[in-house]
Amino acid sequence: MCAYTFSSDYHGEKVETLLSDSSKDVSFHSEFKSGVNVKVGDDLLYISYPYFQIPPFGLMLRKEVMDYIKPLFKEAKLSLHQGRLVIGDFQLTLEKSREVSTYIQKKELKTDLFLESLEFYAKQSPLIEYSLNENLEKLVMELIGFGQGLTPSGDDFIVGLLALNSRINYLPSSIFSVIEKKINAKQTTDVSIAYLKSALEGQYSTAVVEVMNKLDNPVGLSKALELLAQTGHSSGKDTIYGMYYGLTLIQK
Amino acid sequence: MLQTIIKKNSYQDSVVLMLLTSKLNQLDEVSRVSIMMGTPSNIDIFRASGFDTPELSDASSNDMVIMLEVSSEDDKEKVLSIIDEELSSTQDGSGEVEETINSWAKAMKKAPDASVALISVPGEYAALEIEQALDNDLHAFVFSDNVAIEDERRLKEKAHDKGLLVMGPDCGTGVIHSIPLAFTNNIRKGKIGVIGASGTGIQEVTTLIHRYGQGVTNAIGTGGRDLSTEVGAISMLDSIVALNDNPDTEVIVVISKPPAKEVEEKVLNVLRKVDKPVVTLFLGTKPTFHEENLYHAYTLEEAAQLSAKLLSKEEVVYTPSPIINLENKPTGKGIKGFYSGGTLAYEAAFLLEDALGIEHGSSPEGFTLKTDLHEVIDLGDDMYTKGKPHPMIDPEIRINKIKSVVEDADTGVVVFDVVLGYGAHDDMASALKPAIVEAQKELEKQNRQVNFVSVLVGTDEDPQGMDEQKRILEEIGVTVCENNVQAIRTALNQVGATLELLEKDVKPKQASDLEQLPETSAKLAELLTEDPKIINVGLQSFTKSIIDNKADVVQFDW
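Read top to bottom, the protein sequences are chains A and B.
Heads up: the first sequence at position 237 corresponds to 237 in our numbering, and the numbers run straight through without jumps.
Heads up: the second sequence at position 492 corresponds to 492 in our numbering, and the numbers run straight through without jumps.
It is possible that some hints are incorrect.
What the hints assert, rightly or not - Cut-off 30 Å, straight-line C-alpha distance, at most; resulting in silico cross-link-like pairs (DSBU-like, lysine-lysine):
hint : chain 1 : residue 1 : chain 2 : residue 2
1    : A       : 74        : A       : 107
2    : B       : 23        : B       : 109
3    : B       : 533       : B       : 189
4    : A       : 33        : B       : 313
5    : A       : 186       : B       : 433
6    : A       : 181       : B       : 7
7    : B       : 110       : A       : 110
8    : B       : 286       : B       : 507
9    : A       : 33        : B       : 403
10   : B       : 370       : A       : 214
11   : A       : 123       : B       : 550
12   : A       : 223       : B       : 433
13   : B       : 433       : A       : 107
14   : A       : 96        : B       : 329
15   : B       : 191       : B       : 109
16   : B       : 333       : B       : 191
17   : A       : 107       : A       : 197
18   : B       : 261       : A       : 123
19   : A       : 214       : B       : 544
20   : A       : 24        : B       : 8
21   : B       : 313       : A       : 123
22   : B       : 8         : A       : 33
23   : B       : 433       : B       : 191
24   : B       : 370       : B       : 313
25   : A       : 96        : B       : 470
26   : B       : 189       : A       : 214
27   : A       : 39        : A       : 181
28   : A       : 107       : B       : 286
29   : B       : 329       : B       : 403
30   : A       : 181       : B       : 8
31   : A       : 123       : A       : 107
If you're looking for bench data, these hints aren't it; they were derived computationally from the structure.
This structure is a prediction, so every number in the text was calculated from the model and none was measured.
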């Protein structure tokens, strides 16, 4: 029997499914100041206390709860039980948790007003120094796992390309199999793989979803972009660069 | 010589990697350094840039690879120990945060020109953090509650002596030089200054001022206990004087629950010495006259309206928003107020008491008002939240209340608030909608008519989209009111009662026995005239309103 049960406050749209299959192996993956990554089968589950954005595979708790259970992840036995994450004597449920929208809906784009606002942040991406391969498949192949950071800049860029595609189709389907191959061959970090896999399913961090939802609303867009741009050291800007690059492809 | 250091399965925040790179670059012993995750693409980069060692082949995508060029074996050891030290001291970062700031020293180094600490740590630790903020010459905006009243007094005295201001504890709302803090709406900049000991009171007044076309540059929250005998209105008095001296303020509004008599006298004594027109609102007291240039309001709507009229030089007369006529008469006679905003509940209660002749203060615990027929509940009260999120964020408690109407044949009108702005639920209208629709269906089966009346607190600049919230509610037959007074008067009208609002004469201003007002400290003057630079101690989400409004904020990872 589990002695203590905690509910998360918010979770991304993939979490319920992630927790549903009790036969999956669960293990500790990595630890950061504000949270931990747990490996569930082949996927990651990110558990943290609130920050600006929640990934589709992310689950947010209050800091007090996080501080309390965080040390347990490394030591305790982890498993799934009836949609709950069991951490030794503790259970983490979604009972009082609210699902946040991490899915980008397909919707027509009305104007191209926004290109300039994106350009501002795109230019701050470290990738701007590189000349990008004009062949899209080659570009994607080169960029996966490329660059600085826990999620290398190239991966963040590709997430941006895909996010725009989730809003409005423009990428040739051949791209997706290239990405899948690279993922299967583990050519980038586990954390990047989790984001890329989600992106292929149309799922993104809330900050990315927000930008895509506001893409033809110049007022809301600037605020959404500012938030995304603040993510990580350059991750947000790399993602915006990917979106920007995608928009220029559409305009061509 | 080239050195390859591979840290197996090492997940470090990108920022940590950048900092480490730049730190190593500064060392004399190191002539070149590059740190990246060991993905195939990155290993190609290493090789292409001349960092090619046999060890490199051992790296995998989840390893951190540090490539160094050092001059000797001795240097290598030294550099290695520096790396270990750096990585163990910065065992943090989620890949999402900037440099981790976890001490006041670091925070002040990062933001040497900070002016305000926004404190939302648990109450038991708040006093210590307020003290630290004051020691660092910062004003304190304290969202935390459960601070001992002795601490509140001591810290406010300390702040006063240093020319600083403590807003709170339990200060949920504030606008500092147009930057909304905590649970606050986006309000147009303008010449009305607001000081309030109540959160939703400030929200209702400032949003109404915004809708009247005027604006508020500073809305200072003092916390609910500032006007208690123990604290003696220290923050309120300093704020009044500061707004009087502030060149961009032309009208001052003061909102509070009725204070202890001696504190009220103290506050009025200062207000009567102020040069600028002032509107006071001591919630629940029904004033019978105004004083010259010192107007006494009865409702939040009146306070907002009079201040706007004073500014636009219109005749200073309160015209309440009209009662809305509803087609279907309710089958019950009872009014139920289910509020998320404490001050709105309080106002609803005293207006109902006034109109229905109910004795004030006779309600049992947990009810702002309770009679056989009517009730008003502040669902943000600890008694209802019991550790759950506040009803402005979490609709659950209200959903249950709305559903419960079906069981009570006496209910005729349900009044509830929808508060927009930072910190509030993204889409409260949609969250409450299913419960209302369900209740309506059930009521129809019972051949009953209950009217749902709501008050929407917000502006067209709030992130939730005010028009859309209104549309969602109206679509399901909810009557959406401009303000709380209109909602209550509309509800009263449904059950055949009326609220009498007095016309007030203007009497000469009573004399103040102050010879002159104290001076405003330079720090306080600065607070009201410059964009605040904020150190956010606690809830990270509070940085959103600051960043949205393009002010500077440093997150203190408490």
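task = For the pair we were handed, residue 123 of chain A and residue 550 of chain B, check the Cα-Cα distance against 30 Å.
result = holds, 20 Å
task = Assess, step by step, whether the Cα of residue 33 of chain A is no farther than 30 Å from the Cα of residue 403 of chain B, and give holds or violated.
result = Violated, at roughly 42 Å.
key: Given hint residue 109 of chain B paired with residue 23 of chain B - CA-CA distance at most 30 Å   = The given pair, whose Cα atoms are some 18 Å apart, holds under the 30 Å limit.
message = Tell me if the straight-line CA distance from residue 329 of chain B to residue 403 of chain B falls inside 30 Å.
response = holds, 20 Å
key: Restraint check for residue 433 of chain B with residue 191 of chain B, where alpha carbons must lie at most 30 Å apart   = Given that 30 Å is the threshold and the Cα spacing comes to 37 Å, the pair is violated.
task = Measure nothing beyond the straight line between the CA atoms of residue 74 of chain A and residue 107 of chain A; if it is 30 Å or shorter, mark the hint as holding.
result = violated, 43 Å
query = Does the structure keep residue 33 of chain A and residue 313 of chain B at a Cα separation of 30 Å or less?
reply = violated, 55 Å
query = Regarding the pair residue 107 of chain A and residue 286 of chain B, is the alpha-carbon distance no greater than 30 Å?
reply = Not OK: residue 107 of chain A and residue 286 of chain B at ~54 Å, beyond 30 Å, violated.
inquiry  = Run the distance test for residue 96 of chain A versus residue 329 of chain B: straight-line Cα separation, threshold 30 Å.
reply    = Given pair residue 96 of chain A, residue 329 of chain B is violated - Cα atoms ~38 Å apart, limit 30 Å.
inquiry  = Given the hinted pair residue 107 of chain A and residue 197 of chain A, is their Cα-Cα distance within 30 Å?
reply    = holds, 22 Å
message = Hint check: residue 96 of chain A vs residue 470 of chain B, CA-CA at most 30 Å. Holds or violated?
response = OK: residue 96 of chain A and residue 470 of chain B at ~27 Å, within 30 Å.
query = Given the hint that residue 186 of chain A pairs with residue 433 of chain B, does the C-alpha gap stay at or below 30 Å?
reply = violated, 46 Å
In this structure, the earlier hints numbered 1, 4, 5, 7, 9, 10, 14, 15, 16, 18, 21, 23, 24 and 28 are contradicted, and the remaining ones agree with it.
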